[in-house]
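Novice: Here's the letter readout for the chains.
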Amino acid sequence: MFIGTLVYAIVNSFTLILLAIGFNLTFGISGVANFAYGALYIMSAYLSWMLMNLMGLPFFPSAILSILATTLFGALMYRLVLLRVRGQALSEVIATFGIGLSILELFRYLGFVGFEYTLPVFFDHSFIIAGTYIDMQRILIVGLGLLLVVSLWLFTHHTATGLAFRGIAQDERTALTFGIDSDWIATLSVSLGAGLAAIAATIIIPLGSISPSEGYDVLIKALAVCIIGGLGSTGGVIAAGFIIGFAERFTDTYFGSHWTMIVSLIAILIVLVIKPSGLFGQQKELEERI
Amino acid sequence: MSIGSIIEIQKLTKVFGGVIAVSELDCTIRRGELLGIIGPNGSGKTTLVNLMTGFIKPTSGKILYNGQNISRMPAHRIIQLGIARTFQMVRPFYQLPAYKNMIIPLYSPRVKKMLGGRYGDRDAVALDLLEEVGFERDAYVAYKPAGALPQGYLKRLELAKAIALQPELIILDELFSGLSLAEVASIVPIIEKLRQRGKTIVMIEHRLKELFRIADRVMVLNFGCNIAMGTAKDVMANEEVKNAYLGSER
Amino acid sequence: MLYVAGPRLLPVVLFLTLPLILSPYWQRVMISLAVFAMLAISWDMLAQSGMISLGQALFFGMGAYLSGIFNHIWGFHPFISIPLATVFGGLICTLILLPVLRLRGIYFSMFTLILPLMLVRTIEATKIFGGTEGLSGMSPLPSGWLELYLIIVATLIVLFGFRRLMASDYGLVLKGIRDNDRSVTNAGINIYRFKAQALFLSSAVGAFAGAYMTHVYMFVGMPVFALDYSIMPIASAVVGGVGSFAGAVLGAVILVPLSEVLRGLGGLRIVLYGLFLVIFIVAIPEGIFHYIQRKYQQVERWVDVDR
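First to last, the protein sequences are chains E, F and R.
The first sequence runs 1 to 290 under the working numbering.
The second sequence runs 1 to 250 under the working numbering.
The third sequence runs 1 to 307 under the working numbering.
Source of the hints: derived by calculation from the structure; they are not laboratory data.
Where a beta carbon is used, it is the ideal one built from N, C-alpha and C, also for glycine.
Accuracy of the hints is not assured; some may be wrong.
[Claimed, not checked] So the derived list for chain R, only partly shown, Cβ under 7 Å to chain F, looks like this:
id	residue
1	L165
2	M166
3	S168
4	G176
5	N180
6	D181
7	V184
8	A187
9	A283
10	E286
11	I288
12	H290
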């Protein structure tokens, strides 16, 4: 039982990491907490579903199109709405929240609720690892999680655009003097975050079904991971993903599934009391923060 | 800790990531003196002030205020004990009239303590304080929104906010910056009056000529270290100080 | 005199007399309106102090459950359980949110967003306090008219009370904390204490609203933490005018009846809210109230001058 729990804990951790990584990217860079994140996640899943079931396209093209469409939507969201309220925290939060809300409730209203709304797994296959039965999809989650984390790290540390991303996050003014276009970078980061949400959705949704309530859940989980890990820190997302992932799985096995949410809540509270800015959060000293 | 010193700093160090902003700094500030702190840009002057007033916490070292260790105290507690400071970048509440800007310092627990438990009429006190720093009452300057005031008045407002707290020690961070010679000349008497009332004043300045006229002693910082401390004349004759400002042949 | 007093008296008179001519259905709507107005006012208060709450539902639900528990389990009369729930609701919510007060505002917003959602899941899973079925059979308030007028009067008291508070020097300090908290700290003021106080006031008001509704519906369950109670206040304040309590009430006055009228549209209602929110915050950020206020103050009028 222990090994089984361990294996599933690892899967759970990477699931959480995949969920949170897009949100963290957008916030860490453009400084906008994209409260439409969960909605974008769900929207991309529904888009894939519609392409597959209403237009008869095979899975992979549908998924690719949907990811691209979501990325584009993120860019549009920034250009049309966020750009106008850039810098006013209240307005940004409300605007993204409003968009997310509209999207999720629209799908709910149009009746996209039920078990038939789901996406297919990549390979219908399972393995036995260390005496535990585990399916291919879950292994893919771990694989993709690793791949994305490493690629993002390489991107933000070794490419010009990636370094520009980090520059804008650290000090916008200085970055501007280097000729880095802050608006373009911000557009990129919001759309990239949206795209990552879509990718995560493509691979995680097959484990269950698509439902609008999932959208809020995804937002909560991404927020929880980012709060514990420290907003803007990729290392934090990984660490927090593992902490929450393991805590949830082990609580589920040994204490029962209804305690998992409470465990997450307690974890957040503990981290906030001990290190308020998150595990790897770079909360600046008072005078720099203001 | 001798009776005559109001602040004693022992081996103060502050490291930000890879940057050593303040390095093993020792210094003693005497009660009632006017100490100038000078040094090239980036030498750690403002960081030192932030450390003294609790806006940042030291990496190591001690700061004693009247014998009490204030190194790790939160900023508002230190200010309640009697230290006041102004900021280099003056940021008042722009939409509020100048005298309304004074309400917040006058709301401080420190003021309540000094006035024996009662606040009094804050509006009236604010107007009086502003008049002391040169806001002409007849011209109703105090009623203008802070956003409409020129730099000279904004600096005076900042000074008034510090004076409102009835502090023992006032730290002025580049008060003279951005002011014309005439404006500096008109602010100096206000500082002199504060000295006569027994306050200890620390001034961080880049405008050395104006500072040297009023300072008792001067401390020079370079790369976070205290490289010289003494009268203005002694300090400016110091080789290391000259090298710090002008560079050396190498 | 009338110029100044008029706009203040008008809504008071309207609120107090309107219930007399409305049908019972619309009287219920008025109660709902008053509750949402209260939540909107308390939201605005936090916003003016620099804290953007995305979870007024937390305060509402906390008060609702507390009053339900006091009434159901210990048999307290509503006149006792409601005040108790108000105070304890405020205290508990403030304590929970205390750790995040020290951080950047965005943490506060995020935390308030996820707390009600997490609490719902917790109740659902652990089945405490009635679980998914909730607690029913609460004692109602003595009479229908009292039920209606008490909440209206309470809302008016909160409206004018908070206005007074924020216009005073205390309110100035709170607004100062929002604009430039470094400067306020520099005055020797403990900004966290002030923030906690503002939070307590706001959450107590929210808890009162929740406690009251428990006795109006005679039921409390998971729906009290619904997203609706978090969004409506924000939408009301945004539409009506952030930064003014009258604007928050105005927003509620517009949106609550509107939502009743649109009830037939079902889920589409919330979609429209979302869009409404976005359009308003981007295009008319100052809100309707500020617009009206500006126009009212630009009206030319005769003024007597002493020769």
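Novice: Now look at each hint and say whether the structure bears it out.
Specialist: Consistency of the hints with the structure:
At a threshold of 7 Å, the smallest CB-CB gap from L165(R) to chain F is about 14 Å, leaving the interface hint violated. Interface hint status for M166(R): violated, as the beta-carbon distance to the closest one in chain F is roughly 13 Å, over 7 Å. The interface hint given for S168(R) is violated, since its Cβ lies 10 Å from the closest Cβ of chain F, which is over the 7 Å cut-off. With its C-beta approaching chain F no nearer than about 5 Å, G176(R) sits inside the 7 Å limit, and its interface hint holds.
With its C-beta approaching chain F no nearer than about 6 Å, N180(R) sits inside the 7 Å limit, and its interface hint holds. At about 11 Å, the closest approach between the beta carbon of D181(R) and any beta carbon in chain F exceeds 7 Å, and the interface hint on this residue is violated. Taking 7 Å as the C-beta cut-off, the interface hint given for V184(R) holds, the closest approach to chain F being about 6 Å. The beta carbon of A187(R) is positioned within 7 Å of a beta carbon in chain F (closest approach about 4 Å), and the interface hint is therefore held.
The beta carbon of A283(R) is not positioned within 7 Å of any beta carbon in chain F (closest approach about 23 Å), and the interface hint is therefore violated. Among the interface hints, the one on E286(R) is violated; its C-beta lies about 14 Å from the nearest C-beta in chain F, farther than the 7 Å criterion. A cut of 7 Å between beta carbons decides the hint on I288(R): the least distance to chain F is about 21 Å, and the hint is violated. Here the hint on H290(R) is broken, as its CB sits about 14 Å from the closest CB of chain F, past 7 Å.
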